[in-house]
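J.: Those sequence lines, one after another, are chains A and Y.
Just so we're aligned: the first sequence equals residues 1 to 467 in the working numbering.
Just so we're aligned: the second sequence equals residues 1 to 280 in the working numbering.
Since the hints were made in silico from the structure, they are not lab data.
We treat Cβ as the ideally placed atom computed from N, Cα and C, and that holds for glycine.
Certain hints may be false.
Said to hold, decoys possible - Covered by chain Y, according to a simulated footprint, are these stretches of chain A (three or more residues, beta-carbon under 8 angstroms):
id	segment
1	169-179
2	213-220
3	232-241
4	395-404
5	430-440
Unchecked claim - From the structure, some residues in chain A lie toward chain Y, with a derived Cβ separation under 7 angstroms:
id	residue
6	S249
7	K251
8	S255
9	N257
10	E258
11	T261
12	G350
Unchecked claim - With a straight-line cut-off of 27 angstroms between C-alpha atoms, the simulated DSSO-like cross-links for lysine-lysine are:
id	chain 1	residue 1	chain 2	residue 2
13	A	K271	A	K191
14	Y	K234	Y	K29
15	Y	K29	A	K267
16	A	K191	Y	K234
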Amino acid sequence: MERNMSPDKTPMPVQDPAVRSRNFGEVALGYTYEMAVSEAKRCLNCRHKPCVAGCPVGVDIPAFIGKIAQDDMEGAYLSLLADNALPAICGRVCPQESQCEGVCVRGIKGESVAIGRLERYAADWHRRHTCDIPPRPAPNGCRVAVVGSGPGGLTAAGELAKMGYQVTVYEALHLPGGVLAYGIPEFRLPKHIVQSEIDALRDMGVAIETNVVIGRTLTIDDLFDMGFEAVFAGTGAGLPSFMGVPGESLKGVYSANEYLTRINLMKAYQKNSATPVMMGGRVAVVGGGNVAMDAARCAMRLGADEVSILYRRGMEELPARAEEVAHALEEGVRIVTLTSPICVHGNDRGWVTGIECTEMTLGESDASGRRRPIVKPDSAFTLPVDTVVVAIGTSPNPLLRATTPGLHCDERGRIITDENGMTSRAGVFAGGDAVTGAATVIQAMGAGKQAARAMDRYIRAKRGETE
Amino acid sequence: MYRILEKDYLNSTVARIVVDAPLVARKAKPGQFIILRAKADSKRIPLTVSAQDPEQGTVTVIYQVVGAGTMELDTLSAGDSLHDFVGPLGKPSDLEGLQKACVVGGGVGCAIAYPIAKALHEQGCAVHSVIGFRNKDLVLLEDEFRAVSDQLRIVTDDGSYGEKGLVTNALESLIQAGNAYDRVIAIGPLPMMKFVSLLTKKHGIPTVVSMNSVMVDGTGMCGGCRLTVGGEIKFACVDGPEFDGHLVDFDEAASRARMYEEFETRARDEACRLLNREED
Ligand SMILES: Cc1cc2nc3c(=O)[nH]c(=O)nc-3n(C[C@H](O)[C@H](O)[C@H](O)COP(=O)(O)OP(=O)(O)OC[C@H]3O[C@@H](n4cnc5c(N)ncnc54)[C@H](O)[C@@H]3O)c2cc1C
Ligand SMILES: Cc1cc2nc3c(=O)[nH]c(=O)nc-3n(C[C@H](O)[C@H](O)[C@H](O)COP(=O)(O)OP(=O)(O)OC[C@H]3O[C@@H](n4cnc5c(N)ncnc54)[C@H](O)[C@@H]3O)c2cc1C
Ligand code: SF4
Ligand code: SF4
Ligand code: FES
Numbered sequence: 001m002e003r004n005m006s007p008d009k010t011p012m013p014v015q016d017p018a019v020r021s022r023n024f025g026e027v028a029l030g031y032t033y034e035m036a037v038s039e040a041k042r043c044l045n046c047r048h049k050p051c052v053a054g055c056p057v058g059v060d061i062p063a064f065i066g067k068i069a070q071d072d073m074e075g076a077y078l079s080l081l082a083d084n085a086l087p088a089i090c091g092r093v094c095p096q097e098s099q100c101e102g103v104c105v106r107g108i109k110g111e112s113v114a115i116g117r118l119e120r121y122a123a124d125w126h127r128r129h130t131c132d133i134p135p136r137p138a139p140n141g142c143r144v145a146v147v148g149s150g151p152g153g154l155t156a157a158g159e160l161a162k163m164g165y166q167v168t169v170y171e172a173l174h175l176p177g178g179v180l181a182y183g184i185p186e187f188r189l190p191k192h193i194v195q196s197e198i199d200a201l202r203d204m205g206v207a208i209e210t211n212v213v214i215g216r217t218l219t220i221d222d223l224f225d226m227g228f229e230a231v232f233a234g235t236g237a238g239l240p241s242f243m244g245v246p247g248e249s250l251k252g253v254y255s256a257n258e259y260l261t262r263i264n265l266m267k268a269y270q271k272n273s274a275t276p277v278m279m280g281g282r283v284a285v286v287g288g289g290n291v292a293m294d295a296a297r298c299a300m301r302l303g304a305d306e307v308s309i310l311y312r313r314g315m316e317e318l319p320a321r322a323e324e325v326a327h328a329l330e331e332g333v334r335i336v337t338l339t340s341p342i343c344v345h346g347n348d349r350g351w352v353t354g355i356e357c358t359e360m361t362l363g364e365s366d367a368s369g370r371r372r373p374i375v376k377p378d379s380a381f382t383l384p385v386d387t388v389v390v391a392i393g394t395s396p397n398p399l400l401r402a403t404t405p406g407l408h409c410d411e412r413g414r415i416i417t418d419e420n421g422m423t424s425r426a427g428v429f430a431g432g433d434a435v436t437g438a439a440t441v442i443q444a445m446g447a448g449k450q451a452a453r454a455m456d457r458y459i460r461a462k463r464g465e466t467e
Numbered sequence: 001m002y003r004i005l006e007k008d009y010l011n012s013t014v015a016r017i018v019v020d021a022p023l024v025a026r027k028a029k030p031g032q033f034i035i036l037r038a039k040a041d042s043k044r045i046p047l048t049v050s051a052q053d054p055e056q057g058t059v060t061v062i063y064q065v066v067g068a069g070t071m072e073l074d075t076l077s078a079g080d081s082l083h084d085f086v087g088p089l090g091k092p093s094d095l096e097g098l099q100k101a102c103v104v105g106g107g108v109g110c111a112i113a114y115p116i117a118k119a120l121h122e123q124g125c126a127v128h129s130v131i132g133f134r135n136k137d138l139v140l141l142e143d144e145f146r147a148v149s150d151q152l153r154i155v156t157d158d159g160s161y162g163e164k165g166l167v168t169n170a171l172e173s174l175i176q177a178g179n180a181y182d183r184v185i186a187i188g189p190l191p192m193m194k195f196v197s198l199l200t201k202k203h204g205i206p207t208v209v210s211m212n213s214v215m216v217d218g219t220g221m222c223g224g225c226r227l228t229v230g231g232e233i234k235f236a237c238v239d240g241p242e243f244d245g246h247l248v249d250f251d252e253a254a255s256r257a258r259m260y261e262e263f264e265t266r267a268r269d270e271a272c273r274l275l276n277r278e279e280d
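Chain Y on its own, in the form it takes in the complex:
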């Protein structure tokens, strides 16, 4: 069992938990993820390692409540234990030799992007960050990003906070302003990563994206997380989760991400009903 030591909310749907998992804490690096199960019969949920403290033996993950699985996870509080917690999985980000990079995060993808921005900053790389949200209420990790970025641009779809627009607008203006990035690292919803990749391809900037395919085992055993990269089948959990954004088939990935849409809607409604009843 893996105890939740701390829990706080970053916005109305995004929570951060600090979990007692000494073995994972000792090995985790930016870009890697874990898979947890809240209870004995829960689904396996992949979440990115947001921070790790090898001395304390803790791992921090940030999750957005989107469906039945994350709703069930969210019923646990500090002091409760997770049934399973395995990792670190996937390949760490390869950040070697970067001098100037732009980190682009969208929504909860910012939680995945932040440890990368932080690692880049710590290795002396100039970091520009562009983080985008639907509206002001959903903004998260602003202070954390500010602390590790030489320049930070915040955008919202409706202009209720920061600049109005999409992350691609802000990125384009940074590029146009003459910033020569060794690499753009884009993490967020699939359409966002697709359009960032199209933009950077035009400007010839190497781009890395993080692919959150639907996963089961996370060890390369099921192939459910497969995606097409440069015409080849790759498994997101072991070959990734980071890939060359200019080679990923985003449309196929977007289609595959919706495979269980109907089941998910039903499960979410059912979970809502159960949770509401418990509160009555």
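So that you can see chain A by itself, here it is in the shape it has in the complex:
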């Protein structure tokens, strides 16, 4: 096979920024067959596979890319699936530059192999070309419950179903998917892709019960009484933080969760949506992560005149995926760095009129290794805006903790687990953002998979079987 020695990644075809910044269609259009094969040929099939170590779930990267290069697309997909249950999603949303692609050998002199784009290609190829439903695993007669249908819960459910467990997933909202459904917007992760992953789980026999809030509709104890032998809690980190500055309750101030939920889950961007959201005007988004980028890019698409992201550190420190930052800038989002809000101003009718900020400078590195922002004296200025979206982070929702006696959490509300993912309650496992605090899709999936295996061991041990 002839290698492609181009130092650059095969570019991803995208919608024109001027057009896409006003629609919710997917931004990145995906490789063509020729592009995928050509990019796959850039992989050197390194003996030490540093990329694999960079992936939190250890996808055998050169193996699946090799199959694409040899025109074995289904083989590539099956190879991916061995380690990653949701490749169509991870290929789109993983922060590849700080994971697999960050340590790719080709990245030393030039650009890394486009691992994420190839992952997406193989998964999309499979979805378009293969429609046979895999045979259902033989049931082992044992029931387990999963709380929360984000990537962590879905992965745990899939793994357990494959082992023959009868799995029921309970989801508080009316739609499964967790952040994949209510947070990450359509233009970055089309909802039909999330839906097809969920359909695949249903085909495997997984039951998904929406509109059930564990802790309220049913408690963890109820689940055991109902005959479930173990429970996985993948309840995420859904509690929004606010800035704690004056004016935060003015009309026009949203948490990013509310803003994105109204848009994604309740489809407020559609003309006849029953759920309103503020559109147009000038929008400020506070924060610098993926959530801030998503909110800002949604604001553009809702017809905002001007969208500014206010971030207290510098461009280098932006925690968002590099690709999202680049896309946001192309779409006309302004990123104002070294800026921190101190007050939201409003008019006498209670509407936001502006956000007052101070400039920051960067001081010594803090415990996380990032340089600490320090207020620059006498630098306050007010940016006139009509809408403020606060995207400064989330923590685990306290509901499950408050309603489950004996479930231990740390001082930041994160569920404490042992090395097997088991909580302080016997038979209750947890993983994903609920345990780590807000992290990534692939990390939540890794935790779900690990917990599924530990749940299987736990149940077998309890039943007195040997492995």
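Once you have looked at the hints, place chain Y with the ligands on chain A.
T.: Below, chain Y with the ligands alone, put in the same frame as chain A:
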């Protein structure tokens, strides 16, 4: 899907539906609410649990038709199904140890207050109820309140039924008559709850109000329902919906409740137009 088993009207704009929702029926307590969606693309509407029957597996809610969402809900009849129905949400009312309480309801707020009056009555607490309406045609749950109240005062704004005046007038006269309440529970429009709270503060009577902030998820995830209580941010859906009336910032809550006024007016007009056309 959650089947509507029964439906009847309490007055021209307020309907009561009994819904088949066994899991919710088993857990719901007075003070809690549910969120429903009428159809696949409907908005999420929070409504208080008015009654529950764990044996039959049913939950009763009472709604007033005020805008596009409740209009759409009102197009469903007994036999139809709701697309979504989740709950019980929020904290149950804390009624422990109350010996004598006054329950004050305003308008459709009476539907929210009634299960509390009933629970108090059932636990042996002396219950005085004051229920207020704009006029005679809007009076609801009178017999139900009478059955659980040791004293019932009905007031209307225009005097077309019961006493003429506001609920605060009737409450004040009860207090002045020497009734020592352990607690006043006031549920109704924001101005009503605000003025009841001001009155009871003067008399030093602990007061609980139920805050119907604009909600989306109802699980503490969006923060849209936030309000300021005693200077702190609280989420009505998980920290409430009941709060200490003497600590709630009612003016801010009233402002926030009007955030989508323009959208709502447009949606309501649009819904009226569509419904009228269907009837033609
Ligand atoms: C806007 C946004 C953009 C993001 N972008 C990226 C990205 O590009 N790349 C990336 O890797 N990561 C991204 N993330 C982070 C990533 O989405 C999360 O780390 C991941 O979804 C966590 O998965 P999870 O399964 O732990 O929980 P979640 O996805 O949060 O799902 C938890 C689910 O549990 C449900 N639930 C909670 N409590 C209960 C209960 N008591 N009973 C029943 N159900 C309950 C919730 O309703 C929810 O559906 C983003 C996050 C957001 C918010
Ligand atoms: C905890 C709680 C319990 C409630 N219990 C009852 C009840 O038992 N009976 C009853 O008739 N009503 C109750 N309500 C109010 C009811 O939810 C609203 O009347 C309904 O959502 C209005 O929807 P709409 O589309 O018909 O009206 P719209 O035209 O959209 O709005 C009319 C008014 O209703 C309020 N409202 C609108 N959307 C929401 C929302 N998503 N959440 C809360 N308020 C909203 C706003 O103040 C608005 O000005 C309750 C609200 C809450 C939060
Ligand atoms: S799952 Fe994510 S980190 Fe792992 S190989 Fe795929 S894109 Fe890279
Ligand atoms: S490090 Fe890069 S070039 Fe080497 S095997 Fe992995 S993807 Fe291929
Ligand atoms: S309704 Fe979303 S947090 Fe209360």
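J.: For which of the previously enumerated hints does the structure constitute a violation, in increasing order of number?
T.: 5, 15, 16
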